[in-house]
Amino acid sequence: MKLFLFLICFTFSSISFAVDIASCSNPIGKAYYPEIGLVTKEKSGWEQNEKITNGIVKLSKTAKEEYDILFVDSTKQITSSVEDGGSVLMLNRGKNVVSFMVIYPGTAAEIFTFLKNSSGGLEYIHVTSRAGDAVMITKASIMRGDCAFIEFSKV
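Be aware that the sequence shown starts at 10, since it is given in the working numbering, and climbs by one per residue.
Think of the hints as simulated: they come from the structure by calculation, not from any bench.
Worth double-checking, as some hints may not be accurate.
[Said to hold, decoys possible] Simulated crosslink set (DSS-like; lysine-lysine; CA at most 25 Å straight-line):
hint, residue 1, residue 2
1, LYS73, LYS104
2, LYS39, LYS125
3, LYS39, LYS67
4, LYS70, LYS163
5, LYS70, LYS104
6, LYS60, LYS39
7, LYS148, LYS39
These numbers were taken from a predicted model, which means no experiment stands behind them.
My request is simple: use the sequences and hints to build the entire structure.
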């Protein structure tokens, strides 16, 4: 009986626990929207003030040592990149920087770089390329936001 309870507890604990590595918010930047899909010629071009007000990005690592990027965007919904069909891959890791790519096959690629800058500030950079037949609004963007914390030792 004890072994059975231990196995159940172990199974659920390894599934449900994730460690938050970084928490960042309020990205702002620039984006380019080409005239394709739902974007008309009049609405195409550069957006100089691209932002996600109250946007949140969290980097987490699951008990299975896999990474996920969770985000709250303009829809105000919490979304897991993995549950949304993305594959999260670590691109690089240094003492004060780590980058991940999220690939959504056929629709988008995103790069998230979390870093501690030379002044000691914590920030992230988010690069997006979204295109393909299944994409209604094609765009390329780069944004940055501040981070409340980044735990590089947990990567």
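Hint by hint, here is what the structure shows:
no. : hint             : result
1   : LYS73 <-> LYS104 : 23 Å, holds
2   : LYS39 <-> LYS125 : 22 Å, holds
3   : LYS39 <-> LYS67  : 21 Å, holds
4   : LYS70 <-> LYS163 : 8 Å, holds
5   : LYS70 <-> LYS104 : 18 Å, holds
6   : LYS60 <-> LYS39  : 8 Å, holds
7   : LYS148 <-> LYS39 : 10 Å, holds
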